[in-house]
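Next come the chains, spelled out residue by residue.
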Amino acid sequence: GQQLNQSPQSMFIQEGEDVSMNCTSSSIFNTWLWYKQDPGEGPVLLIALYKAGELTSNGRLTAQFGITRKDSFLNISASIPSDVGIYFCAGPSPGGGSEKLVFGKGTKLTVNP
Amino acid sequence: GAGVSQTPSNKVTEKGKYVELRCDPISGHTALYWYRQSLGQGPEFLIYFQGTGAADDSGLPNDRFFAVRPEGSVSTLKIQRTERGDSAVYLCASSWGIYNEQFFGPGTRLTVL
Numbered sequence: 010g011q012q013l014n015q016s017p018q019s020m021f022i023q024e025g026e027d028v029s030m031n032c033t034s035s036s037i038f039n040t041w042l043w044y045k046q047d048p049g050e051g052p053v054l055l056i057a058l059y060k061a062g063e064l065t066s067n068g069r070l071t072a073q074f075g076i077t078r079k080d081s082f083l084n085i086s087a088s089i090p091s092d093v094g095i096y097f098c099a100g101p102s103p104g105g106g107s108e109k110l111v112f113g114k115g116t117k118l119t120v121n122p
Numbered sequence: 005g006a007g008v009s010q011t012p013s014n015k016v017t018e019k020g021k022y023v024e025l026r027c028d029p030i031s032g033h034t035a036l037y038w039y040r041q042s043l044g045q046g047p048e049f050l051i052y053f054q055g056t057g058a059a060d061d062s063g064l065p066n067d068r069f070f071a072v073r074p075e076g077s078v079s080t081l082k083i084q085r086t087e088r089g090d091s092a093v094y095l096c097a098s099s100w101g102i103y104n105e106q107f108f109g110p111g112t113r114l115t116v117l
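First to last, the protein sequences are chains A and G. If you read the first sequence in our numbering, its first letter stands for residue 10, the second for the next number, and so on. If you read the second sequence in our numbering, its first letter stands for residue 5, the second for the next number, and so on.
It is worth saying that the hints were derived from the structure and are not from the lab. Note that this is a predicted model, so its numbers are computed, not measured. Where hints are given, some of them may not hold.
[What the hints assert, rightly or not] Chain G stretches covered by chain A per the calculated footprint, using a threshold of three residues with CB under 8 Å from any CB of chain A:
| # | region |
| --- | --- |
| 1 | 38 to 48 |
| 2 | 55 to 63 |
[To be verified] Derived coverage of chain A by chain G (criterion: at least 3 residues anywhere in the stretch with Cβ under 8 Å from a Cβ of chain G; other residues may be distant):
| # | region |
| --- | --- |
| 3 | 48 to 57 |
| 4 | 111 to 117 |
The beta-carbon is built from N, C-alpha and C at its ideal position, and this holds for glycine as well.
Let the sequences and hints guide you as you build the complete structure.
Here's what the structure looks like:
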């Protein structure tokens, strides 16, 4: 099936540091979504991107829709302990309709206070 | 409640048994989705409903899996003759329509012994 490749798999950072993670695909996506999942919870949508080249911010989070439409990036500035969790990129399955989301394997973020 | 709720939160069963997992979507949401999340992976699409009908069940792994939504609100995912490989977190999500943000529940952790 369709795969989204996320990197890095995990990150260990100090509080206050900036974080960058990315997601790539072999197929073109028309929408890129970034979710965060806390232990024992479902994913929560952080940012949605709908246009190639789009740069969108949500507080300390900034995400970009790659111009090739095959990648996306998420940056977190000035990390804090509550940023800990697993971050997933996702998008509607190419050719499958907007209702079927495909997810990457996630980037696990650990923030040391 | 305000969000998607799922019951039970945890289910332990023996190989070969039948299980039912319940999802209560956000009130008024017409679309409902089921995903399965294995350890260390992102959620994988199983099935989605628009109203009472299963609009796309292409993600169901085999005919042991079945889901219903008889009144267009609550949904039940049913798994017959459970196998150890069925062990995972089963996530439910709902949205106003199929092109809108999907809100996830906390999931049901299924363990098949």
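Tested hints:
1. 38 to 48: holds (count 6)
2. 55 to 63: holds (count 4)
3. 48 to 57: Satisfied; 7 residues make the cut.
4. 111 to 117: Held - the region 111 to 117 of chain A has 5 residues with a Cβ nearer than 8 Å to chain G, which meets the minimum of three.
In summary, the structure agrees with every hint in the numbered list given earlier.
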